Each structure stands twice: as C-alpha cells, then as structure tokens.
Amino acid sequence: MPPIARRLAGGLAMPLGSVVLAFVIGAVIVAVTGGNPLDAYSGLLCGGLGIACSQGENPALQVSTTIVYVIPLITTGVAVALPFRAGLFNIGAEGQLLAGMMACTAIGVKFSDLPSPILLPMVLLGGMAAGAVWAGVPGILKATVGAHEVVTTIMLNYVAQWLLRYLIIGGPLQLAPGTSKSLTIGPGAWLARVLPNDNSLVIFGLPAGVFRVHTGLLLALVAAAAFAFLLWRTSLGYEIRAVGQSQRAARYAGVSVARTIIVTMLIAGAFAGLAGAIQIAGVDHNLTDIYFSDTTGFDAIAVALLGLGSAVGIVLAAILFGALHAGGSVMQADAGISGSLVFVLQALILFSIAANFIGQIRRLIPGLGRPAALPPEMPPAAPMMTEAAVPPVEP
Amino acid sequence: MAHKRLKFLGVAAAVLMLAMACGGSNGGGGNTKQYKIGLVTDIGGLNDKSFNHLAFVGLEKAKADFGIKDDVIESHNGSEYVPNLTNFASKSYDLVIGVGFLMQEAVGTVSTQFPNIHFAIIDGAGTDAKGNDLKHTNVQSLYFKEQDAGAMVGVMAGWLEKNGKSKKPQHVIGAVGGVSIPPVNHYIAGYKWAAKMEDPGIQVQVGYSNDFTDPAKCKTVAKAQIDQKSDIEFQVAGGCGLGVLQQAGQSGVYSIGVDADQKDADPSVIASALKKVDVATYTAIQNVVKGQFSSGALTFSIANDGAGYALDNLTLPAELKAELDKVQKQIHDGTLTPPADIPA
Amino acid sequence: MSESSPLAVDMRGITKQFPGVLANNHVDFSVRHGEIHALVGENGAGKSTLMNILYGLIHPDSGEIVIDGKTVHITGPRDAIGLGIGMVHQHFMLIPVFSVGENIMLGREPVTGPDFYDHSHARAAIADLTKSYGLALDPDARMGDLPVGLQQRAEIVKVLYRGANILILDEPTGVLTPQETKELFVVLRDLVKSGKTIIFISHKLKEVLEISDRITVMRRGKVVGHLTTRETNEEEIATLMVGREVLLRVDKKPAQPGAVAMKVEDLTASSDRSVPALKGVSFDLRYGEILGIAGVEGNGQSELMEVLAGTRRATGGRVVLADRDITTMDANTERDAGVAFIPEDRRGTGLVLGFSIAENSILGRERTATFSWHEFVLRLVAIRNWAMRLVKDYDIRTPSIDVAARNLSGGNQQKVIVAREMGSNPKVLLAAQPTRGVDIGAIEFIHRQIVKERDAGAAVLLVSAELDEVRSLSDRIAVMYEGKIVSIEPPDTPEERLGLLMTGGGARAGAA
Amino acid sequence: MTVLTDILHLLFTANLWQATLAAAVLLLLPALGGVVSERSGVVNIAMEGMMLTGAFFGVVADLAWHNVWAATGVAILAGGMMASIHAVVSIQFRADQIVSGIAINIFAGGLTVFLVNRIYGLQDVGHLGQSDLLPNLNIPGLEQIPFFGKVLFQQNVVVYAALVLLFLTHIVLFRTRLGLRIRAVGEHPQAADTAGINVFMLRYGAVITSGLFSGLAGAFLAIGISNTFVPGMTDGRGYIALAAMIFGKWTPFGAFIACLIFGLGEAIYANNSIIHVSPYLLSMLPYLLTLIVLAGLVGRSTPPAADGLPYVPGSE
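Chains as they are written, first to last, in numbering that gives the first Met the number 0: chain A, 0 to 394; chain B, 0 to 343; chain C, 0 to 511; chain D, 0 to 315.
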C-alpha cells in the first residue's frame, strides 16, 4: 500500500499545488482590483461544491448543478486526451460534440415514437457516429495528405457551429418559423434522471425536478474507464501510445501509423459525439440556440491537460472545472465579483501546470525535498503527456 | 448619456480607483422588508451595449428608488440559464428576471419548479420545449413591440429618401440584424414597412452579421450595403451593430441606433429606435415591491411609452417632425399597426 | 600566436553533476600548443561533457579553465569562440535547409546595408578559406543534399571561419569511409602545421594511435590515464578505458551454413528523397551464417535493411523467404514470418524511449497471441514475465522492467532491442549497426549473442560501418557501393582491399 | 444558380475586394506574428488572447487620453505583455507551448471581462469619437486608379501598415542576418547556440514581436474598425490567423494568401442581403474552402524543425 499511496501523493502534488498557486494569484488579482478574495472564494466553494454557503444556497442543488456540468467535460476531456496520446492535438472536440448533438436530435426527432430500449441506443450511437465522422475527416486528412489537424479541426468547429444554426434556424430541424430550436426528441430517447423529475416531490427542501443529475453520469464514467482500458490494456492503446511517442519507432515495428491516427481520431470523435448526445438526451431533449455559445469542447482541452491525460485525472479535473463553472455564477451573485474570474483562475492553473512552477518552487526551497530527477535532456513539462507522469501498467 | 466618466491620469490608476469604488457593499434597506431581486443576463453579459445593459439600468434605478437587494449573474454560456435562474429561485428571491429571448425555455422550466417565486422575462415568455407559452401564474412576460420603434425610424428613413434629404438619396436603405430571431426581425419589419409607406419605391436591404459581439463583422455587412447604394443604415445587432454606425460615419451616410439612445456611438447616428428594457425592468420590480405582480404578458409599445425613438445628431425638418408625430399618434391610437414579420 | 605558455588548454578540477550522474569528477585536462591530443573513453565516460564545458555549452559546478595561460570564464559558445576555441560536434550542428554558405557564416554573417545578409561576401570568404586549407565546398549547395563527408568539411570550415586556434573534434571519423578518414587526417596534420591545436575525441583506438601526439583516457567521469602515443599500445588504452582486460576479437567456431533462408533478386528501392538507392541488389543468405555488409554509410545499406524488414517499399526485384515472396509484405507480416530487425537508429527507430522496458519488449508484437487475447486485450502477466526473462537472459542492467528506456544507458538500450529481436527465435536476423555508440562491454556481449544466434541456426545479415566489426563477425562479406553489391569476399580479406571496394576502386576492376 | 451568378457578379466589384483586403489584414497581422514566433521555434496559438488584450487596453487608453496614437502604442504593448508571459512560460520554464497558448487565450478572455466589470462598473464601455480612431487614409493620386485605387489605396492606415509589415517581415526573415538567425534558432537551436547566437534572446524577441503584431491587430479592431471594446470581440480571429499561418506554410506571403481567402469569404458573406441563401450556409464557405484546399492542393505542411521544442542548452 505505501508505495501506491506515495505514488498517488507524488502524482497529485503537482496538479494540486498548481491549483493552490492559481488561487493565491487569483486572490491577489481580486484584492488589487478592490474585491474581497475571501468572499469570492467562499462563493466559489459554495457554488461549486455546496460547502460554506452563506446566502441560503441549497448545497445539494449546487452539487447537482456541478455534476451536470461535469458530465460532458469528462467525455470530451477523454476525446482530447486520447489523440494527445497519439501525438495529435484535437482542438475539434467542440465541433464533434455539436455533431453528436445534431445527430442525436435528428434521430430522436425522426424516430420519436420508438420505445426507449431501441431509441436510446440509437441516439447515443448516432451521436457517436456523427462525432466520429467529424473527427475522422481531420484524421484521414492528417494520415493521407498530412494536413495539420489543428487547422482542420478548427475549420470543422466553425462548420459545425454554422451547421447547427442552419439546422435550427430555417433548416430542416427548425421547430417552427421564427424559432431557433428544434422539435423535442422522443421520450424514448431521454436518459433517466437520478432523482425523479417530479416537482411535487420535495427532496433536500426543493422540488425534485431541480436536481438535474442524470444517468449520463454513469455513461461518462464508463467512457473514462473505457479510455483507461483502451489506453493501457489493449494492443490498440499500446499502438496509440507508441505512435504518439515515436512515429518512426512505431512504423519500424510494423504499426501502421496512418491507420492508428485515423482510428484514434474516430474513437476520440465518438467520445465527443457521445458527450453531445448525452447532453441532449439527458438535459435538454431538444437542440436550442443555447448551444451557439457552447464552449465545452474547448474547456475539455484544459481538462485533458490538467488531468495529465489519465482517466482518473480527467475525472478530477472535470470536477474542478465543473465546480469552477458552477461556482462562478454563485460568486457573482453573492460577492458581486464577475464570474469571469473563473477563466482567469483556469488559465493560471494551466500556466502553473505547464511551467511546473510547483517543481521550481520546490527546487528553490531545499526543505521540501528534490522533485523526481528528470534526465537533463527532458524538459520539465514533457512528462505531461507521457507515461512518466502516469502510473505505469499495473501488474 | 455621457460616457466621459474617466478622466484619470493613467490606466492603472483607473483600474484601481474605480475598482475600489465598486467594491463597496450593497446599500441596506430600511426596517421594512427588503426585497430581493435577481437578474440573470443572457450570454451577451452586462456590457453588451444592448438589452442586458438596459435591464441593469432599470435594476439600478429600482434599487435607488426602493432600496431593494439586487444581485446579478452573467451567463457565460447557454447551459447556465437554468442553473442561474434556479440559484435565485431556490434562495426565495422575490423576483427573478431573465433577460432575453434565448431564456424562454429556461424560465419555463424553472418557473414550473418554483410556483411560488415570481419571474419576469424580457423579450419572451416561459415556454415549454415546443415554444408554447406555459402561461404560469408566476411569470410575467415583458414583451416589446420592437416593430413600433422600428416603424418610427423607418418613417424617418423613408421620408428622408423620398424627399432627397438623406446624404446620397437613391431610394435605398439598409438594416443589419444580428441573428435572424424574432426580436431582431420585429425591428426590421417595422422599419421596412414604414419606409415603404413613406417612399413606396424604396429598396430595403436586410442583412445579418450572424453575430452580436464583433463590430468588425457588422461593419463589413454595412459596408456591402452602402456599396449597394444604401445611405441610411439601421443596426439591430447589439454590440456588433456598433460597427454599422461607424461604417455609416466613415462612408458619410446616416445611421440609426437600436435599443438605447446611441447618439454617442457615432456622429452619423440620426436617431435610435428605443426599446425601453430599463423601463420594463423597473416596472416589473415596482409591481413586485408594491404587491401588484401580475402574470401574463406586459407589452411595451408606443401606446404605453415603452418603445419609441430618440432624435440624435440631426436637426429634423419641420415636415418630417410633423410626419413622425402623425405616425406616432396613429400607432398610439391603433389606427396603424406595424407588422411583426418582415414584409416582402 | 603567443607562446608565453606551453599549454593551450588547461582545465583543472572540473566537476559537473547531472541529476543522478557525476559526469565529470575533478577532471584535470591539459593540451599543449600545436599538438593533436586525443581524448578517449567509453560512451558516458564524460568526454563530451568535458568538451561541452570547454566550449561553454555546459557550466561546470566547480573547477578552473586556463587558456593560453589566462584564467577564463566561459559562459557560452560566444566566449569560447572569442578565445579561439572551435568545436565540430559529433552530431553536426548544421541546418539542412540552409545553404552551405549560410551554415558556415551563421553567427558571424557578413552584412551589407542595414542588416542584409551579404551573399557575395560570404562566397568570397569561403573561397578564401577553402583555398588556404584545401577544403573545397560549394557555398550555394543546400546543406541537406551533401554527403556526410562534405558536411563534416563544412563544419571544419565553419570553425576555421571563426578564427579558431583550438579545434575540438568530437568523434569525427564515425561517419567517414577509410579514405575520407585518411583525407581528414591529412587536413588535421596540415592544420597543426599552420599552428592550430586539435583535441580529438574518439573511441577508435587505431585512429587515436595513428593521429594523436598525446592521449587522455577517461572512465566514469574521471581521468584514468595520461599517455604519450608513441609509448603506448591498443591493449593498454583499452584496459584503461574499460577497467579490465577486454577481448577485442570475437571467438567463434566456423560457420555451418545450411539451406538458403532468404533470396534477394535484383532488388531496387528509392531513398527518402526519392533518389534510387538500391540499384539491383542480389544475394543469398543461408541459415547458420553471418553475412556482413561492408560499405560506406549512405551507399544503400540502410535502404536494403529497411526493404528487407518491410518498412520501405521496393521499386522492383524480389525477396523470397523460404519459398514465400515477401517483397511487398509490411513490417508486421514479416515479423510474423520470422524476420527480426535491429534497426540502426536505436533511439529514433528501435525504441519508444518513453515506454518502459516491459512495453518496449513487445514493440511490434503487441498483437500476437502470446501477448494479447484476440489481438486486442493485452496479456499483462505474460508481457511482464517475458520482459523479466529478457532482462535476465540478456543481462540488461536496470532496477526494474518498469524503467523507461530513456533512462537506460546506450548499451542497455541496445540490449533491450537485441533481446526483443532475438528473444523470439527468428529465422532471419537483420542487424543494422548493432553496436553503434555502445560501450566495449556491451559490444562484446552483443557480438556473442549474434554468434550464438547463428550457431542456433538463424540466418544473420549484418550491416556495420565498423569494418573491424564486419570482419570479425562475418562468415562472408558483401561490399556495397552506390546501391549495388560489388563483391562478396571471404572474412579474412585484408582491410585495404575492402576499403578499395567500398570506395568503388575494386568494383571497376571486378566488373571489367 | 442565381446564388452563383450573384457571387460571380460580386467578384468583379472593387468594393468586394476592398472589404476583402480590410478583413484579411485583421487576420494578417496576428498571422505574421505567428510566422515570426514559430520560425524561431516557439509555437504560438495565443494570438487570439494577445489581440483581445490589445483591443481592450487600446480602448481604455484611448478613452483616458483621447490620443489614438498613444492608445495604439498601449494596445501594441499590451499584446507584447501577453506575449512575454507566453515567452517566459514556454522559453524560460520550457512549458508545453500549446498549453501555454491556450492558457493565454483563456486568461485574456477572462481578464478583459473582469476588468471591464471592475473599471466601468456595469456601465457600458464608452465610445470614442471619430477623431480618436485610427483614420482611413486615401492615398492622393493613387486612389484614382480604376478598381485598384479603391482596393489598395482607400483603406485604413493600419492596412497600409500591415502591408508594409508583410514585406518587412518577409525581407527580415529571408534577407537579413537577423532573419537568418531567427530561422536558425527555429530549425536547430543547438547549431545556433554553438555558433554563438543567443537562442533565448531571439526566441523572446520573436514571441514578443508576435504579441506586438497581434496587439496592433487588436487596436485596429477596437479603435480602427470599431470605436469601443466589446467583450470577446476578436471572435476567434486569432485561431483563424493560426490556421492561415499553417496554411501558408509558415511564410508571410503564404499566410497572406490564406488570409485573403478568409477575408474574401467574409466579404462575400457581408453581401448576404443580396445573396439569397441561408446566411449560415454562406458562413461556412471559407472554412469548407480551406478544408478542400488542404485536402487537395496544399498537402503536407512542414513546420520549422524545432517548432514547439523548448531549448535546453547542452542537450542534443
């Protein structure tokens, strides 16, 4: 046990320290601009985790809200982290997520009469397929003509955003002229909620309907587990990692780099598409204009980075970012400090992790002990996306 | 409204001092019950130079007048609407205001869950997923007849074109909308309708920027219209539309602002179509404070001075002024009814 | 040239600690004016670190550097250049997409106008230098298009252009043909005559004995011997380097060649730059023999190995493996057919450096039934057992099989590859540069393993740039020149003849 | 088919190309910055954030001083400041440059809104008068040339500046000693270091230059094209610029051509009041076009060899 504990502590020290450091700098920014950091952070804590609520917030509600935000972050986080392992930078999780939403809605509307056991898998798989297509195009272009995936995925994000607008404003999914939303998907396509969606029932002092946590949470956790299993326990995952670390070595060993790149992007897109489908099937049940402003797929990049590309890390990072997201609103309501502070904090966390400020600080203060020695040729940030930072294959 | 509040020596000083000025605590109320009002903006945020901003202006005025406790949450993306509204509702606020058409379904959902909490929504109603008004007894819909305001500025534009009093009169005017959604199209409908009424041969170009925040986008759309001979440009695109006003100024043609009085935005602004969201917000709060909350639609129009126009950087010919007064009276009386949908 | 001090370079008590390694441990090193001083030692002995310190690329933790009698502080290469020190690195510091002229001028570019790079001035300066030292170069050629010999020449000109009086050459002969090496030595002697001082880093003892005046031997970060070349011999240096008596010859029984394992017929292929690299190669490789391929690097050996291993597409010809045409097979299928491949670039292509030893031990075999169920789910226990067996059998020095390959020494890295490729009992073993950059201890071990593999009946095809290695291991030697096999020779062919063949000399005679 | 004829008709109007150039320049400046930064070996996807910061501080300064040139200077410096964060984090601390870039973008987006809230309270950011804006400038004489006069010589002063910077960047990168060294550092930092070139200093300089360029683009956006700051007003242009830079194979003129494609898309879209097709489908055009070009015509793009790799002295 002790070695595991030590490894866990060692693995958590950097991200945790980075989070703490970011909050300290954030506090300075708040204080310098005349706010009260304590008020700000107690608002964040309450809104994010339901702890220390001073203004009558319902802790259970806050936790529920956070979880609803966390669910798509986990799944899209995986969609960014997996290509990272193959050395690909998927900025397109957003577009893939939207593609998943569009497909899920289209199927759910078209076949709205089908019973749940048939329709629910259909919309989820349809969402995954659409996400896979949206990510597969950059994958194929990368593998065949070498088009840079950063460019192609950015382009496809825009295409997805405009397609979404087209579909629900004037396009085939539009509910009625003058609206900017789609029809509702059939009830058979709805993911069940954890608590009954029944407003006459009072739970934790509030009507049960306000607790929007849905069973998509399980799907998201399964997705994270599937990601870990794929990466560490399968030959495909092994090849993905090999390609990510050294395309040449992988090629010399007989791994088809092109095929691996395409398959990786397809799977990643399926994860992002699943996130979109879960969001529609679990929360909204229709496609609306609120997704014009969606940023889940971009937040997912930060989640994947903070989570150091591991499944457990991604779940923890998604919880942190979901909590920050939910907390920002409460902070503004309670402390009058703009919720935008949350983005500043997110950025500071990323800086801190990327630059390994914690490692530098530890090196400066001898009492804290030397950080794990890195060979001189390795930059400190390099292990982020490699095995070094992640527990090796379990025996 | 003057915007020359900042006369500080440097940027840093400005940051510090104003920030400190804002850092003060909320003013306390008297011994009577202090009402709690929560405002949730849509994704435009408070500095949207449009209805979110105006809603806040109304909120501030109400605070000054009634000593209410006011709290604001800016939504950063659409998936926050429900949680942000729920936040205030679950804390038993006396009135929860949702700003914007985009929040209709969210208000519908949350108002169903909290039947004892009062809600108000700007530009919409609490709806179900199909867009049907749920007609909850705890929801007040604050509607605007944007077409009334649009019609007034449309009269101006049409009259100026017909009489050759615009800058480059060729019987062509333009309107730049943000996204093609009802509140935007209402304005344009009234504008086009009234312009045609004044100048039947007029051509009205209607374009969309697909954006509410990026002035550059609206600017290119406006420029394209001006290049197609339009010489009066009506912006209906919030912060993005500021680019329309500016392009008009640079091209030496007239422009018309929207929502608030935008005469400061550019000298080319000859008028603004007003949608008095501040008045609506204030009214909704006042109703709650005075125990007069009523559900259903409250429509702000020329008839109740909730919509109208402001004259800006142009001295109007007397004939035009007379024409405006005449049309305003007719709309007020109901003898003229501007359409809600853009006429062909 | 001031001759006030007898010493050009005097480094005293240099110590440099890297995380986990004491790279230089109180090293004293001195070089006299106008001598060729060899610095020898195994890989990782600290030679490069010491020279990088002298050149200002690394800062020592302690110690003192005296140049021409003056104590100096070298904070970067600029200081070193200012002191007349120039370095030709083992891995050339050349930019392939730049022209030869730009590469030479870099850092001291002639300019005209405000800051414009002055091409004509650059050409003139290079013409001057090449004239005075007899080192011809085309300043407008693209560096990446030149053969390595000329690239090295450009490196030397680059150093001379900076006015260097003290030249450090790090493993300069590693990539050269015997003829090119001879030419280099002529150049070096000329440079010494014109007053330059040369520090020559090498682990090739014959060359050291041939060219140097004095020798400093390093082992594990320490200086273990100062020798005068005339008074020493190969065995003494080798013993100092390794710390024990070493066997420089490979002990092996005569080969027992069997049936033809692999038949190569008129094989052609192109290089990465789409230039024909193989121009009709034919040979038979038999079970139970080692066929060595001698040749100057860049004459098609790499491409030949890659085509045979399935990582490069042939443009013509045939490869037959025991009646199976494998010409168009990919690497994966070839592996399944029993062909193992030790690629020449250990760090780039042989290993995934970030992977653990266990993970590297199945590279390319992750979908075999031994290591995965249904080609998909990895059998982790089987993988670990396999890796532990390899570590034991092949004497890989590591605390655990979970250590990343990156953190192993070069020799142990190579052993991981050798173990992986031999561990599966291949029918045909393709070994490209199997001991490059590996210390003597590991070389010995790897050589013994290759012979063992042969004795077990495998067919071994060996490519090496080290003529010694080819001669001592091979049962037959095929000489490659310009994409063709020009001759197949017995193992006891004199070095001179092989050298001639390798440079096209004997081929004309043979073809005629 | 009428849609196509509408578009074809537009293509022959000077107005369209005038708008195209103006829209392209807004992308060109950050793209040029990206070229300089990446040529020195530092991946830069933070142009979006640098631009936004420039836009914000440009407006704040202009409102305070009513001096557009000083405000432009502030905007440029603000972009440079953001860039220097990227430089410190990715050069000094050797952080993953993509992570750092993303963090800059999130940081700039959050900080500007936060500061708008703090400085202007919940009031609107004020508007600037015409005299406080970067002026449009018609070049006397040249503006009279049919067609080209309108396209090239009736533009904002920043457009001319950007075109000058385009040529300047090309000349500096490919004709001067400084450019040779920048490229050397981006291709092979060890080689440059051993030649006595200060790798860190050049990389710092290049990254900060990218911030200065992006800051100028921010100024153009906020106090040239518009006259106020709107949160999020850069609207993803930094990312498009990044795409343009890669599309243009890390060369100034290649990036310019890519920017023109995006600019043309925007200019065609701007005519949606006379082109009768869903504006949303029309909006997709430049992005789809880019994908098609990447798939078919341009193909593999190779970045500078050491792009994205932190330099560790003494390593190989």
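Hint data in this document are derived by calculation from the structure and do not stem from the laboratory. Given the structure is predicted, the values throughout are model-derived calculations rather than measurements. Hints may be right or wrong, so weigh each one.
Said to hold, decoys possible - Calculated lysine-lysine pairs in the DSS-like style (CA-CA distance at most 30 Å, straight line):
| hint | chain 1 | residue 1 | chain 2 | residue 2 |
| --- | --- | --- | --- | --- |
| 1 | B | Lys228 | D | Lys248 |
| 2 | D | Lys149 | B | Lys164 |
| 3 | B | Lys129 | A | Lys109 |
Please verify whether Lys129/B and Lys109/A have alpha carbons no more than 30 Å apart. holds (15 Å)
Starting from Lys228/B, check that the Cα of Lys248/D is at most 30 Å away, please. Distance of about 40 Å is beyond 30 Å: violated.
Under the criterion that the straight-line Cα-Cα distance not exceed 30 Å, is the pair Lys149/D, Lys164/B satisfied? Satisfied, since the Cα-Cα distance of roughly 27 Å is no more than 30 Å.
Checked against the numbered hints listed earlier, the structure breaks hint 1 alone; every other hint is satisfied.
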